[in-house]
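Residue numbers (our numbering), protein chains in the order written: chain A, 30 to 123; chain B, 30 to 123; chain C, 30 to 123; chain D, 30 to 123.
Don't take every hint at face value.
Claimed, not checked - Chain B residues, not near chain C, derived (Cβ > 12 Å throughout):
(1) ARG58
(2) ALA73
(3) GLN74
(4) ARG81
(5) GLN109
Said to hold, decoys possible - Calculated cross-link-like contacts (lysine to aspartate or glutamate; reagent style EDC-like; alpha-carbon spacing at most 20 Å):
(6) LYS33(D) to ASP45(D)
(7) LYS61(D) to GLU80(B)
(8) LYS61(A) to GLU87(B)
(9) LYS116(A) to GLU80(D)
(10) LYS33(A) to ASP45(A)
(11) LYS33(D) to GLU120(D)
(12) LYS116(B) to ASP64(D)
(13) LYS61(A) to GLU120(B)
As the list claims (entries may be wrong) - Just so you have them, the derived chain C footprint on chain D, three or more residues with Cβ under 8 Å:
(14) 53 to 60
(15) 68 to 74
(16) 89 to 99
Since the hints were made in silico from the structure, they are not lab data. These figures come from a predicted structure and were not determined experimentally. For glycine and all other residues, C-beta sits at the position ideal for the given N, C-alpha and C.
4 protein chains.
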Amino acid sequence: MAEKMAGADVDRLLGDLDGWSREGDQIVREFKFRDFVEAVGFMAQVGVLAERANHHPELRNVYSTVTIALSSHDAGGITQRDLDLAKEVNERVP
Amino acid sequence: MAEKMAGADVDRLLGDLDGWSREGDQIVREFKFRDFVEAVGFMAQVGVLAERANHHPELRNVYSTVTIALSSHDAGGITQRDLDLAKEVNERVP
Amino acid sequence: MAEKMAGADVDRLLGDLDGWSREGDQIVREFKFRDFVEAVGFMAQVGVLAERANHHPELRNVYSTVTIALSSHDAGGITQRDLDLAKEVNERVP
Amino acid sequence: MAEKMAGADVDRLLGDLDGWSREGDQIVREFKFRDFVEAVGFMAQVGVLAERANHHPELRNVYSTVTIALSSHDAGGITQRDLDLAKEVNERVP
Numbered sequence: 030m031a032e033k034m035a036g037a038d039v040d041r042l043l044g045d046l047d048g049w050s051r052e053g054d055q056i057v058r059e060f061k062f063r064d065f066v067e068a069v070g071f072m073a074q075v076g077v078l079a080e081r082a083n084h085h086p087e088l089r090n091v092y093s094t095v096t097i098a099l100s101s102h103d104a105g106g107i108t109q110r111d112l113d114l115a116k117e118v119n120e121r122v123p
Numbered sequence: 030m031a032e033k034m035a036g037a038d039v040d041r042l043l044g045d046l047d048g049w050s051r052e053g054d055q056i057v058r059e060f061k062f063r064d065f066v067e068a069v070g071f072m073a074q075v076g077v078l079a080e081r082a083n084h085h086p087e088l089r090n091v092y093s094t095v096t097i098a099l100s101s102h103d104a105g106g107i108t109q110r111d112l113d114l115a116k117e118v119n120e121r122v123p
Numbered sequence: 030m031a032e033k034m035a036g037a038d039v040d041r042l043l044g045d046l047d048g049w050s051r052e053g054d055q056i057v058r059e060f061k062f063r064d065f066v067e068a069v070g071f072m073a074q075v076g077v078l079a080e081r082a083n084h085h086p087e088l089r090n091v092y093s094t095v096t097i098a099l100s101s102h103d104a105g106g107i108t109q110r111d112l113d114l115a116k117e118v119n120e121r122v123p
Numbered sequence: 030m031a032e033k034m035a036g037a038d039v040d041r042l043l044g045d046l047d048g049w050s051r052e053g054d055q056i057v058r059e060f061k062f063r064d065f066v067e068a069v070g071f072m073a074q075v076g077v078l079a080e081r082a083n084h085h086p087e088l089r090n091v092y093s094t095v096t097i098a099l100s101s102h103d104a105g106g107i108t109q110r111d112l113d114l115a116k117e118v119n120e121r122v123p
């Protein structure tokens, strides 16, 4: 199991993760797309990545906006797994 | 443009819409699925239905749970369009 | 109903449609993606566009390759609807 | 790496896999859905399952029909991996 990271470590590592910020025990990013169709294509990819990693985000969609929050509930906070999935998700922004 | 409906009318019509309830200016339903994969399949269908209707929900996903909220922002409340899409969405529950 | 177009007209219009070619009564394009995940995101978008247009392609996927063929069966050949959907699909290539 | 199975072994094991048949070096099943939207939901699930298994099908979609062919190219034929994914796919038929 990945271990919960200290907030300062998370903040430092988020420096390399465009758009993500720490909000309590989660890291969060809002993604804006051209339209709803593009948002659907992004969410489809995120679904595949999440299941492959066996690590699932909280996902919210309103039209062309998708918000993703990541946390490691079993570790009680943010772990390397969250940062890894955030990095993979970022690579799917068109 | 569809017209905003009175709350009492919405409540009466929700009697035929399994699982939906009125929360302020929205109608909301939480869907529980077998697992994340099934939730992905449901969300993919909802995306297609929403774009076809040109009416888009607020959608939230946490693992095998999907929550959908519908409102007609241009009408300032709940309209027939919300009820129509809710009905279509309900037909996609496995 | 859209009318079947002459092959020469199709060929001329395909000049503006990157990657598509005429094969008998269809227009066809093969799309190559970075990986399977990206192909999934593309197919999800194509599904939404197709249903919105009420015009559905023949779609084939092998790993990171997606092949789309369009034809208007009711018109017995290629129509403006095929060209319109091909154009929309092209706009979804990352 | 999974080993290529003898045709007779495949045929015997397909007895437990509703709808699949052996065609040369592949196993194949055609799925019929209620409409295109349902087919989209199924394909979305298959995409997730395939990436999770790191084993990818040949997939073909025409409106409400989806055809899936599975083979293990690295083994030069049909292996247990194909049968395993076919079983998972079957569990996603609504």
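How the hints compare with the structure:
no., hint, in the structure
1, ARG58, "holds (22 Å)"
2, ALA73, "violated (6 Å)"
3, GLN74, "violated (9 Å)"
4, ARG81, "violated (5 Å)"
5, GLN109, "holds (20 Å)"
6, LYS33(D) to ASP45(D), "holds (19 Å)"
7, LYS61(D) to GLU80(B), "violated (23 Å)"
8, LYS61(A) to GLU87(B), "holds (15 Å)"
9, LYS116(A) to GLU80(D), "holds (18 Å)"
10, LYS33(A) to ASP45(A), "holds (19 Å)"
11, LYS33(D) to GLU120(D), "violated (24 Å)"
12, LYS116(B) to ASP64(D), "holds (16 Å)"
13, LYS61(A) to GLU120(B), "violated (30 Å)"
14, 53 to 60, "violated (count 0)"
15, 68 to 74, "holds (count 3)"
16, 89 to 99, "holds (count 4)"
Checked against the numbered hints given earlier, the structure breaks hints 2, 3, 4, 7, 11, 13 and 14 and satisfies all the rest.
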